[in-house]
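Trainee: Residue numbers (our numbering), protein chains in the order written: chain F, 145 to 255; chain S, 116 to 230.
Treat the hints loosely; a few may be bogus.
[Unchecked claim] Here are the computed lysine-lysine pairs in the DSS-like style, where the Cα-Cα straight-line distance is at most 30 angstroms:
1. S/LYS172 - F/LYS247
2. S/LYS126 - F/LYS250
3. F/LYS250 - F/LYS201
[Claimed, not checked] Calculated from the model, a selection of chain S residues having no Cβ within reach of chain F, i.e. all distances over 10 angstroms:
4. ALA117
5. THR193
6. GLN195
7. THR228
Hint data in this document are derived by calculation from the structure and do not stem from the laboratory. Ideal Cβ placement from N, Cα and C applies to all residues, glycine included.
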Amino acid sequence: TQLLEQSPQFLSIQEGENLTVYCNSSSVFSSLQWYRQEPGEGPVLLVTVVTGGEVKKLKRLTFQFGDARKDSSLHITAAQPGDTGLYLCAGPTAGSYQLTFGKGTKLSVIP
Amino acid sequence: GAGVSQSPSNKVTEKGKDVELRCDPISGHTALYWYRQSLGQGLEFLIYFQGNSAPDKSGLPSDRFSAERTGGSVSTLTIQRTQQEDSAVYLCASSSLGLNTGELFFGEGSRLTVL
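Put together the whole structure using the sequences plus the hints.
Mentor: What follows is the structure, encoded as structure tokens:
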């Protein structure tokens, strides 16, 4: 079974601070996706990383895929209250069409 | 609308009753997924439909759960004889990439509460 473990589970920071959240597995994934979910809504895709070592930037968000394609990180610079939400990583399950999701990191950015 | 539509948004039922949850995917999307999200948990895969192929039911937790997709479009998830542990948000998603795992577009979910 391919599992994705996310850390930390909860994170509360002040506006303007930087943060990094992690997504780790003992299994290799062909790609990893990051989604953000706001209360009462479904998850929305932020980025897909495909190549080991790949770095993608989306405004203040920087995503990195590990060289061995077993882990990924999301770094947010100068966090804003609008960044508040549940951040989920997901990867395709080998041999099926499922996406395996981690349990997520719940981020609160305090004004 | 242009997005994935789910109904009802909220459902409160008594233990032992049957419930039906509906999902209307984005037009033209051939892949449709159902996931369950319990409090404090990630998304748990339930079932996957792709075109006219047999669905992947490997995530359904018990035989009380079933789903169908009519005409390759609308899907219904049915839970028979509901139990309190079935309380969760049921999320539907659709995708256009079929056999390749691409972006999933999620609905807002149906929150089920079993009393």
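Trainee: Against this structure, judge whether each hint is valid.
Mentor: Hints and how they fare:
1. The hinted pair formed by S/LYS172 and F/LYS247 meets the criterion: a straight-line CA distance of about 22 angstroms does not exceed 30 angstroms.
2. A threshold of 30 angstroms between alpha carbons decides the hint, and for S/LYS126 with F/LYS250 the separation of about 25 angstroms falls inside it, so the pair holds.
3. Between F/LYS250 and F/LYS201 the alpha-carbon distance is near 21 angstroms, which keeps this suggested pair within the 30 angstroms criterion.
4. The beta carbon of S/ALA117 is kept farther than 10 angstroms from every beta carbon of chain F, the shortest such distance being approximately 14 angstroms.
5. Distance to chain F confirms S/THR193 as a non-interface residue, since its nearest Cβ pair spans about 21 angstroms, more than 10 angstroms.
6. Non-interface call for S/GLN195 relative to chain F: holds, since the shortest CB-CB distance, roughly 24 angstroms, exceeds 10 angstroms.
7. For S/THR228, the non-interface assignment is confirmed: its Cβ lies about 15 angstroms from the closest Cβ of chain F, beyond the 10 angstroms cut-off.
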